[in-house]
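S.K.: Listed below, chain by chain, are the residues.
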Amino acid sequence: MTLAEIAEASALPARTVRFYIARGLLNGPVKGGRVASYTAEHVERLERIKHLQATGLTLLEIGRILGESPGEESEAVPATSWLQYAIADDVIVWVRAGASPWRTRQLRAAVQEFAHRVGPGKNPEGKESEIT
Amino acid sequence: MSGIESSFAPVAAPTGNPIRLAMQRLWLTGRVLPAGGRLVVQHVFRSDEDRPLEVIYSFPLPRDAALRGFRITGDGFEAHSELRQTEEAVKTYEQGIADGSLSALARQYGDGLVNLTVGNVRPKETVTVYLEILAGVELRDDGFRFRFPFTLAPAYHSKMRAAAVDNEGEMELPADEFGDLILPRFRRDASSLHEVGFELSLLHPLLDPSSVDEIGSPSHAIKVKQDGMGPARVALAPAKDLPNRDLILDVRFKGKEVRVLAGPNGNSKRSFAAIVPSTRFGRNGGSPRRIVILLDRSGSMQGEPIAQARKAIEACLAALTAEDTFGLMVFDDSVEAMHPALVPATREQRECARAFLKHAEARGGTKLAVGVHQAAQALGGEGDILILTDGQVFGTESILADARATGIRLSCLGIGSASQDRFLTLLARETGGVSRFVSPRERVDLSAVELFASMGRPVASGLKASRNVQPDPPHAVFAGAPVLLYGEMDSDSGDRIEIAWDGGRMDLDVPSGDAETGEVVRLLRGSRLITDWESRYPSAEAVAPLEKRQQSRVAARLLELSKTYGLASREMSLVAVVKRNSDRPGELPETRVVPVGMPKDTSFSAYLGAPLQMSSPQMRFSRVGSLLSKMGRAKPREAESAMPAQFTAMFSGSECFAGAAIDLGSSDTGLLSLATMLEPDGGMPGDSPGVRAGRTIAAVLAFVAQGQTLTVGVFRLHVARLVGFLKSLNIADGMERRLIERAIDSASTGKILPGQWPVLAREPGTQWKQIEEALS
Chain F
0 MTLAEIAEAS
10 ALPARTVRFY
20 IARGLLNGPV
30 KGGRVASYTA
40 EHVERLERIK
50 HLQATGLTLL
60 EIGRILGESP
70 GEESEAVPAT
80 SWLQYAIADD
90 VIVWVRAGAS
100 PWRTRQLRAA
110 VQEFAHRVGP
120 GKNPEGKESE
130 IT
Chain Z
0 MSGIESSFAP
10 VAAPTGNPIR
20 LAMQRLWLTG
30 RVLPAGGRLV
40 VQHVFRSDED
50 RPLEVIYSFP
60 LPRDAALRGF
70 RITGDGFEAH
80 SELRQTEEAV
90 KTYEQGIADG
100 SLSALARQYG
110 DGLVNLTVGN
120 VRPKETVTVY
130 LEILAGVELR
140 DDGFRFRFPF
150 TLAPAYHSKM
160 RAAAVDNEGE
170 MELPADEFGD
180 LILPRFRRDA
190 SSLHEVGFEL
200 SLLHPLLDPS
210 SVDEIGSPSH
220 AIKVKQDGMG
230 PARVALAPAK
240 DLPNRDLILD
250 VRFKGKEVRV
260 LAGPNGNSKR
270 SFAAIVPSTR
280 FGRNGGSPRR
290 IVILLDRSGS
300 MQGEPIAQAR
310 KAIEACLAAL
320 TAEDTFGLMV
330 FDDSVEAMHP
340 ALVPATREQR
350 ECARAFLKHA
360 EARGGTKLAV
370 GVHQAAQALG
380 GEGDILILTD
390 GQVFGTESIL
400 ADARATGIRL
410 SCLGIGSASQ
420 DRFLTLLARE
430 TGGVSRFVSP
440 RERVDLSAVE
450 LFASMGRPVA
460 SGLKASRNVQ
470 PDPPHAVFAG
480 APVLLYGEMD
490 SDSGDRIEIA
500 WDGGRMDLDV
510 PSGDAETGEV
520 VRLLRGSRLI
530 TDWESRYPSA
540 EAVAPLEKRQ
550 QSRVAARLLE
560 LSKTYGLASR
570 EMSLVAVVKR
580 NSDRPGELPE
590 TRVVPVGMPK
600 DTSFSAYLGA
610 PLQMSSPQMR
620 FSRVGSLLSK
630 MGRAKPREAE
640 SAMPAQFTAM
650 FSGSECFAGA
660 AIDLGSSDTG
670 LLSLATMLEP
680 DGGMPGDSPG
690 VRAGRTIAAV
700 LAFVAQGQTL
710 TVGVFRLHVA
720 RLVGFLKSLN
730 IADGMERRLI
740 ERAIDSASTG
750 KILPGQWPVL
760 AREPGTQWKQ
770 IEEALS
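Quick mapping for you: the protein sequence lines, in order, are chains F and Z.
The numbering of the first sequence is numbering that gives the first Met the number 0, which starts it at 0 and goes up by one.
The numbering of the second sequence is numbering that gives the first Met the number 0, which starts it at 0 and goes up by one.
None of these hints come from the bench; they were simulated from the model.
There may be inaccurate statements among the hints.
[Stated by the list, open to error] Below, computed lysine-lysine pairings styled on DSBU-like, alpha-carbon distance capped at 35 Å:
# : chain 1 : residue 1 : chain 2 : residue 2
1 : Z       : Lys726    : F       : Lys30
2 : Z       : Lys123    : Z       : Lys158
3 : Z       : Lys547    : F       : Lys49
4 : Z       : Lys750    : Z       : Lys768
5 : Z       : Lys599    : F       : Lys30
6 : F       : Lys49     : Z       : Lys90
7 : F       : Lys49     : Z       : Lys366
8 : F       : Lys49     : Z       : Lys158
9 : Z       : Lys768    : F       : Lys30
[To be verified] A few chain Z positions that, by computed beta-carbon distances, are all more than 12 Å from chain F:
#  : residue
10 : Ala78
11 : Arg106
12 : Thr116
13 : Pro173
14 : Asp179
15 : Glu213
16 : Ala321
17 : Ser460
18 : Met488
19 : Lys726
20 : Ile751
Ideal Cβ positions, reconstructed from N, Cα and C, are used throughout, including at glycine.
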């Protein structure tokens, strides 16, 4: 498969494919004489990158998930990172890590407010209704 | 540690050693006229690696700008770009790359972002691209401001993804809106990046150089040279500079004259650009105003910009009379209003506003459209919105569409050292308002007061122009903002333009001009028209397949404009392929994205957070523990330690809680603080009528001493209110009457009376007696 063909097969511009190769997300083409070609594995890898992008990951994170080099991808389900807050004995809040700074601050404020409402010594409405 | 991280900085993959910069120099040259500039940007690319490179440089277009063409040169070759429909240009470029030929593509995306891509730069080869750009200027009655971006500001988009490593950060925008646009990496420290500089000729040979009062730059050290009657030459004073802020050049004329640039344009017609100062239309009326002030408190406004904006808003509110009504809102991810409806500008409401502003800390994203929508709702279809923002948002076309739909006039005060000038210009123009853009190092507060003074009360409405004027003239004219009219006329159909408005008219003479001016004016007109139409082209629509776009009215118009004027747009791009004997087909060039400097005065953490580091788990726990101790009840769970190594590494690297300390340090208190003291009736505060009158006279004389009168200066509205208060005092004769008349005369004529007026105006005990003594 030529670069133009793999670009068409993956619905990605050829320039983007080259960009991914340069970033180490994708192996370079297989050389056969003076002809460079791409294989089904390349297409599969591109699909995987697109899928991971759709989940909200950055290329940097995708690079980490795919392994230090394209050939070292783990078979395991890709990990995502979460921040865990135990705000009471019976309440844990999970917040996905890696958000933008302003989102992080916003979430922190929300968790803090929540912690004040449901923490020890509080009698929030939700808890009461559960008891009854 | 990881391959991804190492590719994030410019290093050679096999060795890990730093590579030389793929782009080494960016130099701006060209000519800037009172209506806009015809610029040539020199980009010097070089590969110091042992394989060919594909270099991508991203930049934002200035206001009202379009790409005209480029010339690409190197050892033994020179080629010129062709303007082709974007799909065809991309195909040509890719074929050139596949053939091993040197290829270059300049392609425009949404928000006026451009990728200049140069592929197959051979090892040790230097390639230079000279890119011609037409760009508009920010007009003022007594001159203009030229602004050119040497970097690209990061900006907010609800679907963007951002990451940071060490001292660099990157952003990715959704492909369904921005296609294959590649943004640069943002480097915290720009000192190791390519050098930038400029040498421009300013003004026009036909303009009398003696009419120029001042040429200056608040952004760069410049040197100005002028020989005889030729244009002034302005250059960077040091040998080179860093790509971390816009170039800003200010030109001020001695008078507020009508200026008409014209010349034959090669089509048996004459192109013209007429600049008519607002002072030629009359003065604004005194009808009550309905204004909502909308303050951007997104994270990127932290520090001096928001502190200055708060002060500016207080001064703006002091310029309102008791008959005026106002609203005050702040926005980031959401909108907070001081009150859901407009309130009268009473002392109590201004105090409420002051208290409300104190809590407006910079945080969050920039959901400008939501803010505009709520402000428009509060106005109920009638009034003006003043936005104070850095304008750092992506996806601006949809914001513009929402803003147009409100039918409310928006005026914008942009604050920033890197340009979102294009967007804010469009936002104001497309809604009938006025925009100004200042750098944080300038007096943001004074610019806000000046802009506020002109809002809500146009000096002329219902503007119409004869001849073939296009784009249409603005419906209303505001004090301080001249009208720019582009058009063309048949060479044999006379030499006058007629302008009419409600209650007035004027004729303008159009000179014959010269062919060079005619061509520049024609191109500036084309780039303005393309910019206007681009702003009506939603990004998602613009990246749709060609078959779908062919049904778009905007796409068809852009295509037509591009062909007519020979200028690029999102529908047409510039491409060149240089075939050389030693081209090696099939060789894959290594892609390099040229980094840019984080704009000066913009906090790196506001967009990109702290760097992602492969730190130790211990470090992770200490950070999390530190946070949780601040939170009081929330305790960290040790469970994370059981997580896989990969998880741990990512977890530890996440930016959590970068502090956003707001510097509320004092700014200049001079006239601005005096302006904030005005009572709703226009007088100064005091516990007796005598004190109020005495302090008000002193305040009038303090303003006049600084060049502020009833008609001149950014504080003219405040002066008018102070004078109005003095006139309302029921004092028929005697010493008090004489003192009042002297103050009013001073405010009318600008005659400065010596005295310690600022001190007396602030002194709670100032009465008639102290004023009389000071004047005797």
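S.K.: To test your reading of the hints: which numbers does this structure violate?
M.R.: 1, 2, 5, 9, 11, 12, 13, 14
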